[in-house]
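**Q** We have chain Y; now place chain D onto it with these hints.
Protein chains in written order, with numbering that gives the first Met the number 0: chain Y, 0 to 312; chain D, 0 to 279.
Among the hints, a few may not be true.
Claimed, not checked - When the alpha-carbon atoms are kept at most 16 Å apart in a straight line, the in silico EDC-like pairs for lysine to aspartate or glutamate are as follows: (1) Y:K197 x D:E215; (2) D:K114 x D:D198; (3) D:K131 x Y:D72; (4) D:K114 x Y:E188; (5) Y:K197 x D:D100; (6) D:K149 x D:E215; (7) Y:K197 x D:D76.
In short, the hints are calculated from the structure, not lab data.
What follows is each chain in one-letter form.
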Amino acid sequence: MATRPLTTGEIIGSKLSGPRVHVADMVLTGLLLISLFSSLLVLITLLADTVHTALPVLADRGWSFVTSPLSADPSKAGVIQGIMGSLSLTGFVVIFGFPLGVTAAIYLEEYARDTRLTRFVTANVRNLAGVPSVVYGILGLAVFVTALGGLTNGRTIISGGLTLTVLVLPIMIITTSEALRAVPSTIREASYGVGATKWETIRHHVLPIALPAILTGTVLTVARAFGESAPLLLAGALVTNFFQPSADAGLGQLIADERYTALPLVVFNWARQPQAEFVQLTAAAIVVLLVLLLTVNATTIVIRDRFEARALR
Amino acid sequence: MTSHMPTQHLATTVTPPSDPDAEVGILVTEDLTVHYGSFPAVRDVSMVIKPNQITALIGPSGCGKSTVLRCFNRMNDLIDTARVSGGVAYHGVDLYGPSVDPVQVRRHIGMVFQKPNPFPKSIYANIAFGAKIAGMKDNLDDLVEESLTKAALWEEVKDKLHESANALSGGQQQRLCIARAIATSPDVVLMDEPASALDPIATLRIEELMTELKREYTIVVVTHNMQQAARVSDRTAFFNVAVAEDGHRTGRLVEYGDTPTIFTNPRQKATEDYITGRFG
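Chain D with its partners taken away, still in its complex shape:
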């Protein structure tokens, strides 16, 4: 594994060389396998996600990229039949270890979903909820302003904080969801096709925002949109799906590397076929 060190003139990648996570990765999976019932949905995924980078997971439908993403904050726990084996380490701690509480995991590793899903409450309440349940009572006003500012939404909503979040446009709602995710001060933000339900202009704003946010957060994004992966991500993981003889589909990590390499000089034929649009 070659470590990709940022060159000095690239101000956007500010990983200090002394950070041990930069070497070992903030999230490390080892032979991660997820079964739904008795069938493996994705198998033997080993990858290292580096801090303050955007890592894109791409691949055709059913390749398990969302399933892998949902292992990072134990969202798969909500599905009764899902069974996770292998390891996911977060700062070296096994996320599936016996003493780990998934609720606490999700406070450190936030998530933004495919369809904007604001709570049917006020804009303010949407942001403040995560902090409130985490026991934070003071300075909620500041937190709301700070989170909305970071999500590039403050100017648009500062005069209607107590109006329903449902009145916002789709793009605004998704930025609200990003603000909500960062309000609990996570250090990783997972995004599951965050722009797939948005128009091109709103999509562009989300992408700009992601680039902004990686100074402070580590971002893992699942996307169907290869241009998006090429535009925003530092590293790209290509997943593919294999159909077994009995018809069950199992995803595998095919290739993982720096985004320019994956898009211009992939090692695997399948990666090249996918990114050039020959299938998927």
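Isolated chain Y (complex conformation):
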């Protein structure tokens, strides 16, 4: 029986056909998904457990838990001083850390010539970003609380805020530097090409393009400052069940004259209390901390998106 010669279509068809299911691809996809979910799972478990523990306190006490001061009595204890302290400290970081970090980075990236000194400074900024935060606490104690005590009034929010500012500065500088470096050189050339000066180029083109990335870095930095406890322990924050600022103290005095605490320290303090009720209080304080952190982040992201929309115009 004569076999019919294959048509071109049949030959091509047989060459193009394949398993269609590529095992290695599927296995890899599966592994990637597993690693994603296992890290998510840890987080979710942690979060679920905390919220579950905190629920009775948050349900019973509601808003009064948020607005009450610290107390040794678990049924009355609240976190308002921690919230105020944390927000004020964050304010310091944003007000001092953001402009200082961004301007330092602009200098290093745009103005400093590529000398051995510049490279030395840049390398050290990177090293500083890796220094454990407790070391910054010691620095804060030595410099802001003690040496500059006359200016900061010792163990006040000013000292704590400045300590956190110094802590986040290297990270701020690094993220800003990277954002600036990511601006295409073609845009700079275009700007110089129409007769812009260096500052006009930076102000009108480089910064607007880099700003979203700078603000993303700021969000991460603020979050870091918000969660720090070790440096504050050394820089004079209170870890206590009771402290009472003078009743008539205004915001200025609260920042400049009075002792302070912060939410992470409230959590830390409550976690080591012997009474069983404090377990729930600790969880509730953690929930408040997380909600506040998310709010601060969300605000920064909204600001960033505004800037992004405006930069287009």
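**A** Chain D only, in chain Y's frame:
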């Protein structure tokens, strides 16, 4: 040096014979040498660029043609290691003289780059930026329309002036960059391979535009495309690269003259080899 005077029936070259620049050139380089670090990238370039003409700089990669172009508006100043010696005179003024501000130079000598590089802002903002920083506040609308019209882009974008320039096609973006360059009313426009990232149709439009623009502006264009140089330019400078024993490449101006002469009757063997496609 023989002066190439336009014949009367050629309407495109409208150089008035009384213009002194027509004789001496609007840009004159003398023994121009550029070092990057301690190595010369291009050496001893002496050439005269005439007003209202298109001058093409051609040659193989690394021959220094872009480097020379970037001397004309002091763009090389942006490279820390670049060092320029010899002279570049613009209307007789030494561009590297002690009292010359490179920022002001770039307002008189504009530039269009290889890859279209519009600012990630609106079409309007792209054009208006140069004028704004030069202190011009009024009639920006007119300026934008005039510049875009000259760059043959107005009809395509007049209804979306406040939309992002990034939404334009590559060819439109490059015409926008040309409009941006002429918005500061320069009298020289430098173009660094302005069409190398564009498709043939967009390239043709840029070339037509260049021919249009030379009525008002003096154009110096670097190109890899010899047909392009032959099509659009009045004068052509051929650069070649010499490799030293230590491996460093240095560019030199080999031959410079009227484009028809360079392409049909070059004096140097290297020029002929290059334009006939034997190397490069």
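**Q** Now look at each hint and say whether the structure bears it out.
**A** Now the hints, each set against the structure:
no., hint, in the structure
1, Y:K197 x D:E215, "29 Å, violated"
2, D:K114 x D:D198, "12 Å, holds"
3, D:K131 x Y:D72, "66 Å, violated"
4, D:K114 x Y:E188, "11 Å, holds"
5, Y:K197 x D:D100, "12 Å, holds"
6, D:K149 x D:E215, "10 Å, holds"
7, Y:K197 x D:D76, "12 Å, holds"
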